[in-house]
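Novice: For the sequence shown, the UniProt record's numbering assigns the number 1 to the initial residue and increments by one for each residue that follows.
Hints were generated in silico from the structure; no laboratory data involved. There's no promise every hint is true.
[As the list claims (entries may be wrong)] Derived Cβ-Cβ restraints for the label pairs, each shown as a range:
| hint | residue 1 | residue 2 | range |
| --- | --- | --- | --- |
| 1 | 50 | 110 | 19 to 25 Å |
| 2 | 26 | 108 | 18 to 24 Å |
| 3 | 108 | 52 | 36 to 42 Å |
| 4 | 62 | 16 | 17 to 23 Å |
| 5 | 105 | 33 | 26 to 32 Å |
| 6 | 19 | 113 | 31 to 37 Å |
| 7 | 35 | 72 | 21 to 27 Å |
| 8 | 104 | 69 | 16 to 22 Å |
| 9 | 62 | 42 | 33 to 39 Å |
| 10 | 82 | 16 | 23 to 29 Å |
| 11 | 114 | 30 | 28 to 34 Å |
| 12 | 50 | 9 | 34 to 40 Å |
| 13 | 14 | 81 | 28 to 34 Å |
Think of the CB as a built atom: it goes at the ideal place given N, C-alpha and C, for glycine as much as any other residue.
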Amino acid sequence: MLSISRRPPIAIVDAGEGTPGMFGLREHDADGTFELYYTIMGNEGQSFNQWQMEKTIPLESGYRYYLRGATERYLLLLRFEDDSASSSSLEMSGTECFSLDVKTLQLESICRLKHHILRAHIYTNFPPSLSSQTI
């Protein structure tokens, strides 16, 4: 018997002290809401091969969310207004890009996008010539 299932979107991060952490994005079919859940690999006193739930972060309703990238410190999420997620047009004025600091679990809006991005990657450590000027 062949079975096809959608894997939930996940991102592996550094939870500190060499411990892996995992963020997952979960959609609740009953009401269409989304949440991020954060788990870490068990410590020595616990079963090391089991993920332990650390935190659940509810996301604002009325949107569809997608994990688009991760670094050791940040997740990149895109969200679309729920009605524009099914649009076939590349014009998606309700598209917004967010970062989540994996240490503080703070979600911050980065920008609004005029066009849909199929693939996005986080890039850090810009060379000084490309970095913002500071005083």
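Novice: Each of the hints needs a verdict: does it hold here or not?
Specialist: Now the hints, each set against the structure:
1. For the hinted restraint 19 to 25 Å between residue 50 and residue 110, the CB-CB distance of approximately 34 Å leaves it violated.
2. About 21 Å separates the C-beta atoms of residue 26 and residue 108, a value consistent with the hinted range of 18 to 24 Å.
3. At roughly 26 Å, the beta-carbon separation of residue 108 and residue 52 lies outside the given 36 to 42 Å, and the hint is violated.
4. The hint said 17 to 23 Å for the Cβ distance between residue 62 and residue 16, and at roughly 34 Å that hint is violated.
5. For the pair residue 105 and residue 33, the supplied restraint of 26 to 32 Å is violated, since their beta-carbon distance comes to about 18 Å.
6. Between residue 19 and residue 113, the C-beta spacing of about 34 Å keeps the proposed range 31 to 37 Å intact.
7. About 23 Å separates the C-beta atoms of residue 35 and residue 72, a value consistent with the hinted range of 21 to 27 Å.
8. Distance hint for residue 104 and residue 69: a CB-CB separation of about 18 Å, consistent with the stated range 16 to 22 Å.
9. The supplied range of 33 to 39 Å is met by residue 62 and residue 42, whose beta-carbon atoms lie about 36 Å from each other.
10. Between residue 82 and residue 16 the beta carbons are some 35 Å apart, a value that contradicts the proposed interval 23 to 29 Å.
11. For residue 114 and residue 30, the Cβ-Cβ distance of about 33 Å falls inside the hinted range of 28 to 34 Å, so the restraint holds.
12. Restraint check, residue 50 to residue 9: a C-beta distance of roughly 21 Å breaks the suggested window 34 to 40 Å.
13. Restraint check, residue 14 to residue 81: a C-beta distance of roughly 33 Å satisfies the suggested window 28 to 34 Å.
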